[in-house]
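Let the sequences and hints guide you as you build the complete structure.
The sequence shown begins at -19 in my numbering and counts up by one.
Be careful, since some hints might not be right.
[What the hints assert, rightly or not] With a cut-off of at most 20 angstroms between alpha-carbon atoms, the simulated EDC-like pairs for lysine to aspartate or glutamate come out as follows:
id, residue 1, residue 2
1, Lys216, Glu227
2, Lys230, Glu85
3, Lys122, Asp133
4, Lys220, Glu185
5, Lys106, Glu256
6, Lys122, Asp40
7, Lys2, Glu19
8, Lys25, Glu37
9, Lys137, Asp126
10, Lys175, Glu185
11, Lys18, Glu37
12, Lys2, Asp133
[What the hints assert, rightly or not] Listed next, with one range per pair, are the computed distances between beta-carbon atoms:
id, residue 1, residue 2, range
13, Thr270, Ala191, 24 to 32 angstroms
14, Lys122, Lys230, 24 to 32 angstroms
15, Ala30, Asp208, 35 to 43 angstroms
16, Gly271, Pro237, 23 to 31 angstroms
Hints are computed from structural coordinates only; laboratory data are not their basis.
Virtual Cβ for every residue (Gly too), placed ideally from N, Cα, C.
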Amino acid sequence: MAQLGFLGLGIMGYPMAQHLVKSGNQVALWSHNAGKAKELAKDGKATACATPKQVAENADFIFYCVGDNAMARQVTLGADGLIEGVRRNAVIADCSTIAPSVSREIGAAFAQKGARFLDTPCTGSKPGAEGATLTFMIGGDKAAYDAIKPYLDLMGKMFYYCGGPGQGLQAKLTQNLILANIMQAFAEGMVLATKGGVAPELMLEILNNSAAKSGLISYKAPFIFNRDFQTNFALKWMAKDVGLALETGKAMNVPLPATALTEQMMRAAMASGYAEDDFCSTIRVLEDWTGVTVQKQG
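So this is what it looks like as structure tokens:
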């Protein structure tokens, strides 16, 4: 029986941790919302911990999923953070999407403690987390990845080892950059079609039977047509990821002009009050500007 740890029980983290708990392994849990950890600890061999440090003291394999750079630093290197209680040779896997440079900084600090650190960002949104079908992109020491892989298997379906520290995050930021730009292109096209009198369902059928077909759009379009913007992946987090991609591009002298515009449209959507909604809600900005609504007809 393995001793596992999981920190961060949000929209993604809670169902991910739930799979670990249901596996029958011992799981030490922590969340900013202590009630969530206590709730989940009622199942299986799980324990709600008061601090990240306490999780580290009780686990050989630790996962965490938090929102941004500051949260990742706090849970790992902050007061009562993981680093204060980490076991020698423990493996820590960061499932968050943060800056590759920050991830490497955190990894170096753990290395000084004799622990191993991986960046393991995942994709699949809430349905993937609930169904244990997430896709993970891994950066860091291959032996550490091999050691923790049996427990990643409990939460995911596809795994891509991308190379050294930060490389998993490099892949994840690239993926989200492309997703965000596809969504912006879809929003522009659908508003144009609707304004011009083409029914949204017809336009989607045309797209789905052409070279413009997209798995993202096929999934997201029905939510837009039904005006259902419940959160599977919050706009504020996609905007954060796109911002990180732009920062990474700047650091490597890679121009990302389309992505820069997409980020500005996301900022406009957040300024309109849509930050907590699903990122497909960005279409509402163009709808407001043009006076049309892309919705199911009939």
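Hint by hint, work out which the structure violates, then give me just those numbers in ascending order. 4
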